[in-house]
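J.: Sequence:
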Amino acid sequence: MDFHQFFGNESPPSDHYVSVLEHWAEHRPDSIAFGFTDVESTDDSLTYEKLWQEVRGLAGYLQGRCRVRRGDRVLLIYPPGLDFVVGFLACHAAGAVAVPAFPPRRNRKASRIRSIVVDAEAKWALTTTDVVERLSGHGWHEDLVGVQLLGTDDQTCRDQSRWRRPELSGDSLAVLQYTSGSTGTPKGVMLTQQNLIANSQLIMHGFQVEPDTIGCTWLPTYHDMGLVGGLLMPLYIGRTNMMMSPMTFLQRPARWLQAISKYKVTVSGGPNFAYQLCVDKISDEEMEGVDLSSLQIAFNGAEPIRVNTLDTFCERFAPYGFNRQAFLPCYGMAETTLIITGGPKETRPVVESFDGPQLDQRRVVHVDAQQAGTQQTGVRSLVGCGRVLPNETVLIVDPDTCDVLQEDQIGEIWVQSPSVGVGYYQRASATQRTFHARTSAGEGPFLRTGDLGFMYDGQLYISGRLKDMIIVRGVNRYPQDIEETVERASSMVQAGAVGAFAMEHDGREQLAIVAETVRERNVDWDAHIQAIRRAVTSEHELPPDAVYLVRNSSVPKTSSGKIQRHACLHAVRDGDLKLTAKWVRWEESAGSRSAVAEGVGMPMMQAAAAGGQAAKLSEADVNPRVVAAVQYHVRAVAGERAQRLSLDTNIVLDLGLDSLERLEIARNLERTFGGRFPEQVLDEIETIGQTALAIERYLPPGGEARADALLDGSVVIESSTGTDTSGKRNGAVAPPRRVDVVEPEFSVEQFAEYRRLKTTMQQMAMTGVPNPYFTVHESIVRDTTVIDGKELISFASYNYLGLSGHPAVTQAAADAVKKYGTSVSASRLVSGEKPIHGELERKIAEWIGVDNSILMVGGHATNETTIGHLVGPDDLIMHDALSHNSIVQGALLSGAKRRPFPHNDFESLDRTLTEVRSQYRRVLIIVEGVYSMDGDFSNVPAFAEVKKRHKAMLMVDEAHSFGTMGKTGRGMAEHFGMDARDVDIWMGTLSKSGASCGGYIAGSNALIELLRYTAPGFVFSVGMPPAQVAAALAAIQTLEAEPDRVERLRERSHLFLTLCQEAGLDTGDSCGTPVIPVITGNSMVALRLSNRLKADGINVQPILYPAVDESAARLRFFMTCEHSEEQIRFTVERTAAHMADLGFQKTLA
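The sequence shown maps to residues 1 to 1149 in full-length UniProt numbering.
No lab work stands behind these hints: they were computed from the structure.
Remember, predicted model here, so these are calculated numbers, not experimental data.
Just to be clear, a hint being listed does not mean it is correct.
[Unchecked claim] Okay, the calculated beta carbon distance ranges per label pair:
| hint | residue 1 | residue 2 | range |
| --- | --- | --- | --- |
| 1 | G1143 | A1107 | 19 to 25 Å |
| 2 | S381 | S136 | 50 to 56 Å |
| 3 | E679 | Q371 | 22 to 28 Å |
| 4 | A1107 | P701 | 28 to 34 Å |
| 5 | P390 | E10 | 33 to 39 Å |
| 6 | D44 | Q371 | 16 to 22 Å |
| 7 | G8 | P701 | 53 to 59 Å |
| 8 | R921 | Q426 | 36 to 42 Å |
| 9 | D403 | R519 | 43 to 49 Å |
Yeah, the Cβ is synthetic: ideal placement off N, Cα and C, and Gly gets one too.
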């Protein structure tokens, strides 16, 4: 395939999509790559240059902070939007494998998500911060247990400096594309970079796209047509593609055609149902001003293509410029990335007629146009799905003998193409059966599609399915999954005797269920049919259109006892079922009832709790006029299914409405009341009452008058018993209110966070490794400790300088207790002031190089009370994304706006403050000297320059840099040789190098005076105990006398870090500090490694999820100046040996 005419001298590389994106960012930097629109109000876009920048930033964050490694599977559960585009491509740029899926929804079982998580072994899920918050706030996120959620729209999740170009090739695994349908046993199609590139090239050829191509898609990006056709294909050719939410289209189909007109779209499309929906739902008013003449390609695939749909769409929209030749029927599937056949441009669409009875016998007999016009019955018109594309081989094969068939025979479609995936992830036998088929003559390998079809005059025609796949609106469902649901839903259904299948009615596929019943009398079959409908709708989001309960042993089966679904279909059509009861949607809608089971289909008048999450409402909670309008619109769509409605009637489960019917109700309500429902709300409202509340909450006020006009003055609310209660209210309008029904929690055992803690502890217990927390240490902890009477080398304490236990420090504490007692017994403001308090405060100020300092009894509380006191609701706190919990808690306490910036990124901070500084009274910037989790340190002078430039305040937390940084241990100011007064607030703790406990704030006299008289954590707290004050003072004095302790600590730390790196251990960003992590990337591995080292006589603590991200789980080694070289070498040697034994390979130093 030669695309020079299209690309000219700008042909993109064909190795992988990271280089493709980089290519277009270089050649078309200012061109829009992707836009996102709802047509009516919202437009957002990314240029190629901006997209490349965002992708590298997020990829760097995934590699550096999240420790995502090449080949890791990353779940993408984004709502529709450009965030998916960035997240998907960032996975590629990080060398990870993208796993697109739809985010779990409230009131819906997320078993499919759970199945994908387990099958893909995904550790990370990328989404938006809004989805993270919603998932974290409800129990229904439990299907994502073990997966870490990352909201990538948060700009702190960017770190271009950490991005390393992955080693990618055409054979690199790029995507796991899970085939739609199965919930219990999903199959992930493994697609390589070459598969993706090759399929985009095939689409280019089949579509014969022009250089001025502009695309538009509303298709979901977790579906192959939306992902490849809507993202990868436009990206490969370097052109613009406008994206819409599927909900935007489904709720109001006219928006799709309006978008085509607005953006002069040349390529767009979708499954057949989308075109039919446009015909059925778009009014003339909505088409006012719409021009479809720009549309050159309207592709149609993913489900059976119907001649009538093509004809009626052309007839309906030709007056608006639609050209019938724009139709491009095509055929493909996830296993082939996307497209297999399509085109050519000159003759599409191709419609031919064939002898129907012969087709049923798998024989192809063409009927010419003249015969088709005179023949009344037996002629079947089929739409050609295009020609076989270059570099592909398509065969029609007998599925049983594997013989290649002649052109006049129908068989299974077998495909050989560079787009065919590698196979199903971790399913070797299924891969062998499906992806490595060979003909009886030994030709192969071929992909077995499972579809039946034939070739005629160069076009591929699809005639059916070899397998019993149910395809409704472009989405596949496996019948066996639905059948299992039916068996569980009703105790009256015979096990192994249920058939689920698709049957055509009213021009579309309908879901029908046939189930054998047990021999019982006096059974309420209505209730069992309703239970089946609710269960199938809830678990598969596809309401049944017909349920047939039949007599025992009457379902057609093979001799081996397998259900014959096709025979069930024929029995339904021919009326041969031995019925016990039935419910058929189109019969009910027509007003006819089943004589076998009178009353079947009456909705159950009870709350559809959907897992206990729907709250029961009363008439007092809602506006009766709004409720009446909701009931009106529900009845208009649901017909006979909605004979009796209450506030608790569940539109989804009780009435069995599908997604399109629900969106039609929402669309009509918007027309009545004005405005638009937020998209996430449409996913969550299900009952009549919830819908009414949503109208009052989200749609503009004043719609009641329009509702009254609609209802012609009739205001009726039916209670849960179905009686008219309007008289009780005399038509009074209840005031709009927000009703949030919260389940009370009155004991800690009920708390979700406690249950999560217990789950973590149970998982830890299952490993057989002892709990590493709250270990009792029986001695002073310096380079060694004593546990259970055994001496171990210790790397688990903050005693960096070995001053805790130093004779001078111990003696000073004892003398202070003897002189002042064990407590000062009061706030220092009142009577708790002792001489040594002021002595230590002056010494700290002198040590750092500022005016004054103030002592507080706890390090964590020092940050909380200081931050919480100095800024408030009119202010802004900018803190490092890796800040200590005490900083975050202090920020929350203050009520100020809190914005984390990327770790150590003073340039990002500078850019943000340039944009927002003018909006706030005070701005407090907070960084740490040494970061205790990663062992790196901040560029304090650079942050000081930023704070000066923006007239902000800078606070530096020196908990781990006090005593460890600088030549003599005076901290970050000494380390950088800067004036300490350039920092407004120095905070530190005395429990590390200070050999005591508590914290301090140091700075100007004004700052300390303000805190001394007004800070709640100081004024209303007891003063620091004398022993702790004296110990800290003696520690500083000892350090002054023995400055070599700092140098010894630096030497020991450097030796440990160097040996670890030489051993191939991952030490992260640690550099020049006494904190050195060894990252395992797995909590259970960290736990086991810690336990193994303990058996070797080494004590080091594991840091596990959720204290850190799962991929950043680690052992954290704290060095002291008293560690010997022998202890260090032994520890590194044992750590490396155990890591190798646990299966971890060396990392590059």
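J.: Can you tell me whether the CB distance of R921 to Q426 sits inside 36 to 42 Å?
T.: violated, 57 Å
J.: Lying within 28 to 34 Å: is that true of the beta-carbon distance A1107 to P701?
T.: With Cβ atoms ~47 Å apart, the hint is violated.
J.: 16 to 22 Å was suggested as the range; check whether the CB atoms of D44 and Q371 agree with it.
T.: At roughly 54 Å between Cβ atoms, Q371 and D44 fall outside 16 to 22 Å, so the hint is violated.
J.: That 22 to 28 Å hint for E679 and Q371 (C-beta), does it hold up?
T.: violated, 50 Å
J.: Indicate whether the distance between the beta carbons of S381 and S136 respects the range 50 to 56 Å.
T.: Given range 50 to 56 Å: holds, Cβ gap about 53 Å.
J.: Do the Cβ positions of D403 and R519 conform to the proposed distance bound of 43 to 49 Å?
T.: The hint (43 to 49 Å, Cβ to Cβ) holds, given that D403 and R519 are roughly 46 Å apart.
J.: Is the distance from the Cβ of G8 to the Cβ of P701 consistent with 53 to 59 Å?
T.: holds, 56 Å
J.: Given the hint of 19 to 25 Å, check if G1143 and A1107 actually sit that far apart at their C-beta atoms.
T.: holds, 24 Å
J.: Within 33 to 39 Å: is that where the Cβ-Cβ distance between P390 and E10 falls?
T.: Given about 22 Å between the Cβ atoms, the range is violated.
When each numbered hint is compared with the structure, violations occur for hints 3, 4, 5, 6 and 8.
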